[in-house]
Amino acid sequence: MSTLLFENVRLLDPSAELDQPGRLLVRNGVIEATDKAGAEGKPEDAQIIDGHGAVLCPGLVDMRVEIGEPGHEYRETIASAARAASAGGITTIAVLPTCEPAIDNPALVRLLRGRGEETGAISILPYGALTKGCKGQELAEIGLLNEAGAVAFTDGARAIDPARLMRQALTYASGFNAMVVQHPEEPSLAGSGCATAGELATRMGLPGIPTVAEAIMIARDIRLAELTGGRLHFGHVSTGEGVELIRQAKARGVPVTCDTAPHYIDLNENAIGDFRTYAKFSPPLRSEADRLAVCAGLADGTIDAIASDHLPRDADDKRLPFAQAATGGTGMVTLLGVTLGRVHDGTLTLAQAIALLTHKPAGLLRSKAGTLAKGAAADLCLFAPERSWLVEAGSLPGRAQNTPFDGRALEGKVLGTWKAGRAVYGATAA
Amino acid sequence: MPSFPGRHTQHLLGLQGMTPDQIEPLLDLAESYALLNRSRKVSRDVLRGRTLINLFFEDSTRTRTSFELAGKRLGADVINMSVAQSSVNKGETLLDTAATLNAMQADLLVVRHAQSGAPALLAQKVEACVVNAGDGTHEHPTQALLDALTIRRHCGHLAGLTVAICGDVAHSRVARSDIHLLTTMGSRVRVVGPPTLVPNALRHLGVEVFHTMEEGLKDVDVVIMLRLQRERMSAGLIPSAREYFRFYGLDNRRLALAKPNALVMHPGPMNRGVEIDSQVADSDQSVIQEQVEMGVAVRMAVLDRLTRSRHSA
Numbered sequence: 001m002s003t004l005l006f007e008n009v010r011l012l013d014p015s016a017e018l019d020q021p022g023r024l025l026v027r028n029g030v031i032e033a034t035d036k037a038g039a040e041g042k043p044e045d046a047q048i049i050d051g052h053g054a055v056l057c058p059g060l061v062d063m064r065v066e067i068g069e070p071g072h073e074y075r076e077t078i079a080s081a082a083r084a085a086s087a088g089g090i091t092t093i094a095v096l097p098t099c100e101p102a103i104d105n106p107a108l109v110r111l112l113r114g115r116g117e118e119t120g121a122i123s124i125l126p127y128g129a130l131t132k133g134c135k136g137q138e139l140a141e142i143g144l145l146n147e148a149g150a151v152a153f154t155d156g157a158r159a160i161d162p163a164r165l166m167r168q169a170l171t172y173a174s175g176f177n178a179m180v181v182q183h184p185e186e187p188s189l190a191g192s193g194c195a196t197a198g199e200l201a202t203r204m205g206l207p208g209i210p211t212v213a214e215a216i217m218i219a220r221d222i223r224l225a226e227l228t229g230g231r232l233h234f235g236h237v238s239t240g241e242g243v244e245l246i247r248q249a250k251a252r253g254v255p256v257t258c259d260t261a262p263h264y265i266d267l268n269e270n271a272i273g274d275f276r277t278y279a280k281f282s283p284p285l286r287s288e289a290d291r292l293a294v295c296a297g298l299a300d301g302t303i304d305a306i307a308s309d310h311l312p313r314d315a316d317d318k319r320l321p322f323a324q325a326a327t328g329g330t331g332m333v334t335l336l337g338v339t340l341g342r343v344h345d346g347t348l349t350l351a352q353a354i355a356l357l358t359h360k361p362a363g364l365l366r367s368k369a370g371t372l373a374k375g376a377a378a379d380l381c382l383f384a385p386e387r388s389w390l391v392e393a394g395s396l397p398g399r400a401q402n403t404p405f406d407g408r409a410l411e412g413k414v415l416g417t418w419k420a421g422r423a424v425y426g427a428t429a430a
Numbered sequence: 001m002p003s004f005p006g007r008h009t010q011h012l013l014g015l016q017g018m019t020p021d022q023i024e025p026l027l028d029l030a031e032s033y034a035l036l037n038r039s040r041k042v043s044r045d046v047l048r049g050r051t052l053i054n055l056f057f058e059d060s061t062r063t064r065t066s067f068e069l070a071g072k073r074l075g076a077d078v079i080n081m082s083v084a085q086s087s088v089n090k091g092e093t094l095l096d097t098a099a100t101l102n103a104m105q106a107d108l109l110v111v112r113h114a115q116s117g118a119p120a121l122l123a124q125k126v127e128a129c130v131v132n133a134g135d136g137t138h139e140h141p142t143q144a145l146l147d148a149l150t151i152r153r154h155c156g157h158l159a160g161l162t163v164a165i166c167g168d169v170a171h172s173r174v175a176r177s178d179i180h181l182l183t184t185m186g187s188r189v190r191v192v193g194p195p196t197l198v199p200n201a202l203r204h205l206g207v208e209v210f211h212t213m214e215e216g217l218k219d220v221d222v223v224i225m226l227r228l229q230r231e232r233m234s235a236g237l238i239p240s241a242r243e244y245f246r247f248y249g250l251d252n253r254r255l256a257l258a259k260p261n262a263l264v265m266h267p268g269p270m271n272r273g274v275e276i277d278s279q280v281a282d283s284d285q286s287v288i289q290e291q292v293e294m295g296v297a298v299r300m301a302v303l304d305r306l307t308r309s310r311h312s313a
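These protein sequences, in sequence, are chains A and B.
Heads up, the first sequence is in UniProt numbering, so the first residue is 1 and it goes up one at a time.
Heads up, the second sequence is in UniProt numbering, so the first residue is 1 and it goes up one at a time.
Everything labelled a hint here was simulated from the structure, so no lab data went into it.
A quick note: this is a predicted structure, and the numbers were derived from the prediction, not measured.
By construction, the Cβ of each residue, glycine as well, lies at the ideal position given by its N, Cα and C atoms.
Just so you know, not all the hints are guaranteed correct.
[What the hints assert, rightly or not] Result set (SDA-like, lysine to any residue): computed pairs, CA atoms no more than 20 Å apart in a straight line:
1) B:K259 / B:A103
2) B:K125 / A:P397
3) B:K125 / A:A393
[Said to hold, decoys possible] Stretches of chain B that chain A covers, calculated by requiring three or more beta carbons in the stretch to come under 8 Å of a beta carbon on chain A:
4) 118 to 126
5) 197 to 211
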């Protein structure tokens, strides 16, 4: 295989507290060395890539992605998801088990891993279903799924409802040291709601979900994590109260972690004005105060990762009256650009932002990805933090075009993505 | 009137955001249609050659009939489509329906739908002027306009009046449109009912919230009663109809707390003995029948205005 030398780049690897101008050498798909700028000497056979001062960081690790395959290929296939990931600088994705059939048996876990490898562009880390069929009734075969390579266990955007079931899940999973991922929303309070309860929902005549639905579920499950000692993670946390409960639990030493998604740190509920279904999410977009509180949770380390929450939908799923329209947005292509918005406004440092997108989620999933360490696979993302680009629904890489950021100029552009040393996106990609 | 950016066609999708100088002339025009209706001197040339389609995804006899009559009095060709039992049940989407209607070259589309925002979605895709005839729990603008016209005819003005809207405000599109219109025109609006149906969040709409009829009705000029849907009881928001009537029904005793000769209104159809006592509904203070009459006049005014704006654009 080839030898690659990245020159004139800003090396950024928060896992090693590395942030300096330098060079990076890749041989046979593996990172062989990094050195400081100005170092002399280059291997004869190396292909030189001049970064022109752009940032070279580990390929991003996106810990919450739904793909339509298997079951809903019209929304997104693994191949189209790989194109979206590559365009977003993402080289590793954790895929939710809520496809059809649900990922509740070991063969499907192996299938998904293999299908990821076939793309040559992404590693797929499958979540295992927490309950059979993700139906919320009986526990799935957590041990066998874990053995087959499931990285954590969840029913996706369906909350584990009965407290007894959650207690059993945390207790049983702890025997395999496996992480349980909860959708933080008390289902009976959420009901058929489709917006955050409050003035806007009242004006629009939409059934509301009180923000306390999140806090109630988080408070309950933190108590269950304390009771059982199980590893608990909350996906897409979106309220200040939820973040505060997790902050307090962490301070007490409870084994609890969480992530949030770009739309919760960039948009507030006003995005659904005029019944804009492309901004319909579950949990729903929140007030500006909640958005700011979530940003504060990122800044102080309470929130462990930013995941795209990529949820492909086609136009027919979205062009419906608001309450009937599907939730979710495509998110991989815009993950880095939206996240960097919080760097440009001073909420996060660049190193913090990249940590939330690389080694921190990788650590939660026990993955070796997300680092520029010598010997690591050369999964790389080259980006210009200040270069802007326009999000245009209809021309995003990948099949799903349901972005809530249509028409937005994002600052932070991916210039190239490499998977195990092979260019998969950018000017040098084959 | 509110319209979608980039389009010349105007629609009436809701009253939120409308200004007094948009509302007042509409009420004036409606008033003149009310007089012409009584003297039977309406010109059928106003909408001659225009096609009005009543597109009702939800059953409604009153509103549909009222729009039908309004269209016919102005000379339009009126077609009623009750979609509740037609193609939507066969999987046709709202936007397929819109494409079909475009092909029929309708000029005016009157839409009733159980989902909030459905007329707004249609308005983005059809070439006709869309009139919202009630969408989910969002708005019912022509009902609010006819309420305002009825009040104005009796009180002479809207500014400075105190109006109590009583009952299931949380699920009422009529209440939302009434609140937007009346507060815009300078009335003081109270909402009255049990906390499950009159949540405190309604304060954001610029109204005062009351949870007892005795406080809420004190010294008001107008009482608007809302219909209580049976499903509120099955949803556990109200224990029973008799308990509701006991605490929130309008009877003579409670009406006496309002100003003498206060108006009693109801968008219909009434549940006698649930939200309103028959004695009150049929009393001299009740203007419920006049509301129906003003409904036709208001709808004539709306159809007239929208058609004119469409052809002057």
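Going down the list of hints, with the structure as the test:
| no. | hint | verdict |
| --- | --- | --- |
| 1 | B:K259 / B:A103 | violated, 53 Å |
| 2 | B:K125 / A:P397 | violated, 27 Å |
| 3 | B:K125 / A:A393 | holds, 18 Å |
| 4 | 118 to 126 | holds (count 3) |
| 5 | 197 to 211 | holds (count 5) |
Consistency note: the structure conflicts with the earlier hints numbered 1, 2.
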